[in-house]
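Student: Sequence:
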Amino acid sequence: MALNFEEAARRAEILTQAMPYIRKYRGKIIAIKYGGNAMVSEELKNQVMEDIALLHMIGVHVVLLHGGGPEISAGLRKIGKESRFVDGLRVTDEETIDVVQMVLAGKVNKSLVNLLQHKGVNAVGLSGIDAHMIRAVMKDPELGYVGRITDVDVSLVRDVMDAGYVPVISTLGADDEGNIYNINADTAAAWIAGAMGAERLFMMTDIAGILRDKDDPSSLISCIDIDEAVELFNQGVISGGMIPKVDCCIDAIHRGVHRVIVMDGRVSHSILLEILTNEGAGTMVMEKKEPEEDTKQ
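The sequence shown runs contiguously to residue 297 in our numbering.
Please note that a few of the clues may not be correct.
Unchecked claim - Straight line, CA to CA, 25 Å or less: simulated SDA-like cross-link-like pairs of lysine to any residue:
1) K45 x H118
2) K107 x I97
3) K110 x E42
Note that these hints are calculated values from the structure, not bench results.
Using the sequences and the hints, build the whole thing.
Tutor: Given below as structure tokens:
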């Protein structure tokens, strides 16, 4: 088959343009909180794993944290149990926490590990229970076994990364008495990314990012600092389900993450678009914007 030199030159140009970003992120830690439509859609799931595989191969250290709400709900329905939520949190009794543990630490976690292996990347599945990575206490007796994080220990995650593996973490926690808790994945991502000193934390969502008008995708805010976020809270611009997500972004920055991106997980290869181009795929949250700052830094 004849070589298409024009197409080959175009591909070479794309790789050349990515070189400064590869240089910037090589050797750095990137945490990805994965969920939403990017997890439900098999096509998008495949693309997310391809993005992670490529980043790993060019020397970026990726930590993948995941939830699995839809899969948990499906597992509960199979045993004739309907899900109940209070303020967006799943009420988790003893029967439910057993299902949560089986689905998150078992089915979902191992399927993601298998996908990464299929892409040529060695991955290890972990949960917050392992080595007491995530220590927690009961958040509210009304919610049952829903945990509030009290501490994280990422030494096991570092060991796995130092051995050349991608850690894939399900967000469960445990207390000193051996009780297991369902942990909000955004919250766990903020704590672990902060403890790892991550350069970036990607919070994958089902919307374009932080919007000035929740009904208008074109009102996307591309970059925001903490002071601006607080002002948008006060104005009611950040509302509903976006409130806890932005709170987690701010918490992650306070814990040492350099930048947090609320990312549209519905966009094909959104992770690579954010890291290896100047286009971006969501809203970047930072501690403080400086005049004329290059927000890709």
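Student: Hint by hint, say whether it matches the structure.
Tutor: To see whether the hints hold, each was checked on the structure:
1. Restraint check: the Cα-Cα separation between K45 and H118 comes to about 13 Å, which is no more than 25 Å; the hinted pair holds.
2. Restraint check: the Cα-Cα separation between K107 and I97 comes to about 15 Å, which is no more than 25 Å; the hinted pair holds.
3. For the hint pairing K110 with E42, the CA-to-CA distance comes to about 15 Å; that is within 25 Å, so the pair holds.
Checked against the numbered hints above, the structure breaks none of them.
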